[in-house]
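S.K.: So the chains spell out like this:
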Amino acid sequence: MSETNSASTQLPGAGRRFLNGLLPENPTLRQLLGMCPTLAVTNTLAGAVTMAGATTFVLVMSNCVTSLLRNLIKPHMRILVYTLTIAAFVTIADRFLAAFLPTMSEKLGPYVPLIVVNCIIISRAEICASRQGPGVAIADALGMGGGFLLTLSAMGVIREVIGFGTLFGLRVLPEQVTVGGVVMWKAWTIMILPPGAFLTLGVLIGVVNWVQMKKKARQSGGQ
Amino acid sequence: MKSFLQQTWLVIVLAVGFGAALAGVEHALAPRIARNAVDKLHGAINEVVPGGVASARAQGVDLEIYRVTDAAGRTVGWAYPSSALGYADNVVVLVGLDAGGQQIVGVQILKSNETPGLGDRVKGEQFRDRFKGKRTDAPIPLLRGSESDPNGVDVLTGATYSSRAVVNACNVKREKVSAIIAAELAKDTAATPGQGTP
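These protein sequences, in sequence, are chains A and B. In terms of my numbering, the first sequence opens at residue 1 and continues consecutively. In terms of my numbering, the second sequence opens at residue 224 and continues consecutively.
Hints listed in this document are in silico derivations from the structure and should not be mistaken for laboratory results. Beta carbons: idealized from backbone N, C-alpha and C, even for Gly. Any given hint could be a false lead.
Estimated spans, in silico, between C-beta atoms of each pair [unchecked claim]:
#, chain 1, residue 1, chain 2, residue 2, range
1, B, Gln229, A, Pro194, 36 to 42 Å
2, A, Cys36, B, Ala257, 27 to 33 Å
3, B, Lys399, A, Thr178, 32 to 38 Å
4, A, Leu173, B, Ser369, 34 to 40 Å
5, B, Lys399, A, Ile127, 56 to 62 Å
Sequences and hints are given; from them, build the entire structure.
M.R.: Encoded structure:
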């Protein structure tokens with residue numbers, strides 16, 4: 001077996017790449033990448049889903065282009081090529097949002113252009129797309145994008161329900177519950193403010209770490 | 224030169240290719256994006272001036288001000304955007320005035336970055352309705368605590384800076400706007416004697 005072959009057999013295939021992105025290597029909860037949109041736009045579920053959708057689009061396109069060009073890119077020029085590719089697709093995503101979802105585009109404001117500096121995208125270009133074919137690269141992008149969507153949606157659901165008492169803007173919890181003149185429940189404004197983002201993210205990372213530790217303990221216990 | 228091109232041809236080709244793609248996207252979407260902004264403004268104008276269905280920008284004045292007309296083409300009011308510094312950033316307010324420009328008939332917040340749950344409550348109807356019927360011949364005072372004034376607006380508790388921003392936005396262009404409306408109305412009566420707006 002030649003050296004290049006043995007190197008490529010060590011890299012995960014398309015299926016593995018896709019599944020890894022969802023939870024085992026979840027970009028936000030396991031790799032702690034892409035913190036800026038995770039903290040900034042998750043106070044409503046609609047904002048979280050739009051952001052994850054735009055990021056996934058850029059991730060798929062950038063992985064696809066990088067993978068197709070992987071044999072042409074000069075190693076010392078690669079970051080320049082990645083950034084150029086990512087910036088082009090982010091601008092396209094930004095213009096499309098402004099044209100077709102103007103209210104959401106206004107709400108997300110500077111966070112859409114900021115996808116350019118989202119480390120998830122550049123790390124996937126470096127780790128996967130610059131070494132593997134377009135099929136694997138697209139599966140990887142969809143997995144990582146899916147993992148990002150899952151995390152952002154989880155944050156969005158928790159923060160919007162507790163902070164506003166709504167989901168996708170529809171009311172699911174009463175604004176205020178009063179029993180005998182005493183306020184028993186009121187929407188937690190802190191959850192829609194920045195501290196709520198940190199609290200929610202911390203709890204989610206804690207839960208995922210706990211699950212992983214349990215899994216590890218079970219595996220070593222079984223041997 | 225040769226080695227320079229050897230190293231960089233891919234970057235140059237990509238830059239030109241992406242540049243062309245972006246120009247294409249911009250060319251295709253720019254009219255739609257511009258229309259979104261216009262639709263948003265005119266939607267807001269028809270909301271701040273009750274009965275308004277169409278609006279046109281007053282020409283030949285150095286201020287952005289719109290004449291709002293009903294289905295029959297009669298002037299039912301005026302609207303102009305104005306802004307003032309809030310807690311986080313400028314709050315952009317659309318002020319709606321009656322046909323004579325003498326009192327406020329509605330306000331809308333066009334743009335604000337105020338704190339969610341606190342300052343951004345100024346966007347709510349409960350606060351915006353406090354401006355209805357306020358006269359424009361004197362600045363509107365912001366009322367705090369037990370202060371009272373028939374032409375004043377009560378502050379929103381916990382959102383003093385944001386409340387003040389909306390009040391200031393209504394006051395800042397007041398005199399200039401009144402002068403323009405008076406001039407426009409004078410033009411109307413001159414053009415069609417006896418049929419001026421009531």
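S.K.: Could you check the structure against the hints above and give me the numbers of any it violates, in ascending order?
M.R.: 1 and 3
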